[in-house]
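There are 2 protein chains.
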Amino acid sequence: MYNFTFNVPTRINFGKGQISHLSELTESGSKVLLVYGGGSIKRAGIYDTAMGILKDAGLEVFELSGVEPNPRIESVRRGVELCKANGIDMVLAIGGGSTIDCAKVVAGGACYNGDAWDLVIDPTKIKAALPIYSVLTLAATGSEMDTFAVISDMTKNEKWGTGSPLFQPKMSVLDPTYTFTVSQKQTAAGTADMMSHTFENYFTSVEGFLQARFCEAVLKTCIKYGPIAYNEPENYEARANLMWASSWAINGTLNGGCGVAWCVHPMEHELSAFYDITHGQGLAILTPHWMEFALRDETVDKFYEYGVNVWNLDPNGDKWAVAKEAIACTSRFFKEELHIPMTLREVGITTQDKFDIMAEKAAKGSVGSYVPLTREDIVSIFKAAF
Amino acid sequence: MYNFTFNVPTRINFGKGQISHLSELTESGSKVLLVYGGGSIKRAGIYDTAMGILKDAGLEVFELSGVEPNPRIESVRRGVELCKANGIDMVLAIGGGSTIDCAKVVAGGACYNGDAWDLVIDPTKIKAALPIYSVLTLAATGSEMDTFAVISDMTKNEKWGTGSPLFQPKMSVLDPTYTFTVSQKQTAAGTADMMSHTFENYFTSVEGFLQARFCEAVLKTCIKYGPIAYNEPENYEARANLMWASSWAINGTLNGGCGVAWCVHPMEHELSAFYDITHGQGLAILTPHWMEFALRDETVDKFYEYGVNVWNLDPNGDKWAVAKEAIACTSRFFKEELHIPMTLREVGITTQDKFDIMAEKAAKGSVGSYVPLTREDIVSIFKAAF
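Going line by line, the protein sequences match chains A and B.
Its first residue numbered 1, the first sequence is counted upward by one per residue in our numbering.
Its first residue numbered 1, the second sequence is counted upward by one per residue in our numbering.
The set of hints was computed from the structure by calculation and includes no laboratory data.
Don't take every hint at face value.
Identical copies look the same in the list; a pair holds intra-copy or inter-copy alike.
Pairs of lysine to any residue residues, derived as SDA-like cross-links and limited to a Cα-Cα distance of at most 20 Å, are as follows [what the hints assert, rightly or not]:
(1) Lys31 x Asp89
(2) Lys224 x Glu305
(3) Lys324 x Ile121
(4) Lys16 x Gly259
(5) Lys16 x Thr5
(6) Lys16 x Tyr2
(7) Lys224 x Phe209
(8) Lys170 x Thr5
(9) Lys16 x Phe209
(10) Lys224 x Val308
(11) Lys16 x Phe4
(12) Lys125 x Gly163
(13) Lys170 x Gly252
(14) Lys319 x Asp377
Bear in mind that the values here come from a model prediction, so they are computed numbers and not experimental data.
Construct the entire structure; sequences and hints are all you get.
As structure tokens, this is what we get:
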């Protein structure tokens, strides 16, 4: 186990009705920028509830709406302008990971003299940020309890992750009932996203035993409750377990002490940057092909362990057979249980024209990953997933 | 899953050499009360290292030494006096859970007008506390990352747990090499303690699926690495995994959202309050007898799950047989792998004279536990463990 610092100070208020905790925002001042996406939080009544609580608490609310899935730097810039023009004290995101990610970089940009894109491509420039709060409405990215944000500049086909301890939300509300209206497509994609976060931490060059067992706990939760939430959108236990799993998949617990460098996420970021596809779908499509690529003499024991501990495969089976079956289980789960389209063609990437340029960029983001990934390897994975 | 708040702001600096982070104590002022037990931290060189770092950082150090295992209120009172007399800004514990627990109540007592014992028997009186820091030297109680403290008044045979968010350490140093010199007896007892914390959260009336899988992760880590650390005291991976598991067994992750009321700990606290036995040994002795008592129609599925998921028993076996074998595995593990004396007689409780009075007091502490525990039930468990 490597040395590490673990520090996850976000207060989580979990459960039905916990939005009442928004009254605590007064701890950070009086002017709040409310960040959200489309109209879904209005249709679900969350907007009105939140506004009522904020106003009853005496807070003055400014709004940044229209944040995109795969949130764009243009939205961030609009938010930064609002903060600077109005002397905003804190940022409150209500939405999924895209909205929270946008809010984080707005919070950083508000304290930065320069273009917010600088903070996306160079996290060392994040020296201060407004306090960040969130109300989560989609279980997927874990942004509600982590330090990361992913922002796109579609004019340049750039999608990059950034992060800072200053981006860790001060408090997040996780009310599983707010995810009852999440579509089947997004429920499946969100489950795939948190599983992918976990895989990135599970398949690692230096492992912690406890951390690996925690990874398996998160994976088993996704495998049990992903399909239930897909089929019974108002199943509270399913939504609650998925929501809590989404936070743990990436809050720093699974990777602390381990030798983690991500590999599938950098590949998917290129797909989203060039084709604006749904992140979780892209991850599900690429994952089994990456696993097949990564399976080799040095890694077969890990894939065997994955098969036995996560998929309950027979520990007495041949280790290569168990390892391969574990990968097949993963692929079947995404396809048959979560009904995710499992080829790039099906999500609208109908030519291989950009595979080379995407692979070249992805290779830069996956340096040091579990198994080395060259530009050529990535092209092969894209082709296998085509 | 119940509603809950999760808030674990302790910064953990984990790994060899992380004691250098003690320089960060300057964030809380200039006068520190160093709390420790016997001479072991001096023999191990930790005392000198810490003093060097604290003094280089410009901190003025006062000392409270001689904190007992099963820490006593008299030590707390001495610490409180030192704080009040010298205008102490923060408390630093270097030691195991007993030392950290003592430091926590000192930190609370320093901000309280009255006798510190009030804070032990009534946590609602804890309204303020000095900032608390720790350097952990024994993996067991989890005090380094939780809100709890257990203090004894041996003059009254009283041992009670108290707690407050104010008792959550601000920063803890977890250096696994500091546990290389922990004796076989204490290594075993510490492993049993963290397993017992996990059992208290695992056998629960309202469960979270994710939380239950996290419990299994901690248990598997103890089962794998407890014996290795026992036999190879300088095995870094074993010490590191046990140390990190000790924190997770009780930091709020395993019980958040679940219906937990403790049962074995209240029984053991009476044994320690009357006989000053080693806490972890008492827990190991009582646990299998409590499990046998708790196994019934309503709970057999949970014990079966425990057997399959933790002890890798055959999932196709008869559920009662699997459940009973899981309990037998637990008992054998403590006895044969950790070499814990598994009867009360062997740890010096040679008469049954006090079983009634201890049971009466324990029954008050275990209200609402997984299966109801009456005074008579507890006497039966003590007798079975005799």
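Hint check results:
{"no.": "1", "hint": "Lys31 x Asp89", "result": "within (5 Å within a copy, 34 Å between copies)"}
{"no.": "2", "hint": "Lys224 x Glu305", "result": "both (19 Å within a copy, 15 Å between copies)"}
{"no.": "3", "hint": "Lys324 x Ile121", "result": "neither (37 Å within a copy, 57 Å between copies)"}
{"no.": "4", "hint": "Lys16 x Gly259", "result": "between (37 Å within a copy, 16 Å between copies)"}
{"no.": "5", "hint": "Lys16 x Thr5", "result": "between (32 Å within a copy, 12 Å between copies)"}
{"no.": "6", "hint": "Lys16 x Tyr2", "result": "between (38 Å within a copy, 9 Å between copies)"}
{"no.": "7", "hint": "Lys224 x Phe209", "result": "between (23 Å within a copy, 9 Å between copies)"}
{"no.": "8", "hint": "Lys170 x Thr5", "result": "both (18 Å within a copy, 13 Å between copies)"}
{"no.": "9", "hint": "Lys16 x Phe209", "result": "between (34 Å within a copy, 18 Å between copies)"}
{"no.": "10", "hint": "Lys224 x Val308", "result": "both (16 Å within a copy, 17 Å between copies)"}
{"no.": "11", "hint": "Lys16 x Phe4", "result": "between (34 Å within a copy, 10 Å between copies)"}
{"no.": "12", "hint": "Lys125 x Gly163", "result": "within (10 Å within a copy, 40 Å between copies)"}
{"no.": "13", "hint": "Lys170 x Gly252", "result": "both (16 Å within a copy, 18 Å between copies)"}
{"no.": "14", "hint": "Lys319 x Asp377", "result": "neither (25 Å within a copy, 48 Å between copies)"}
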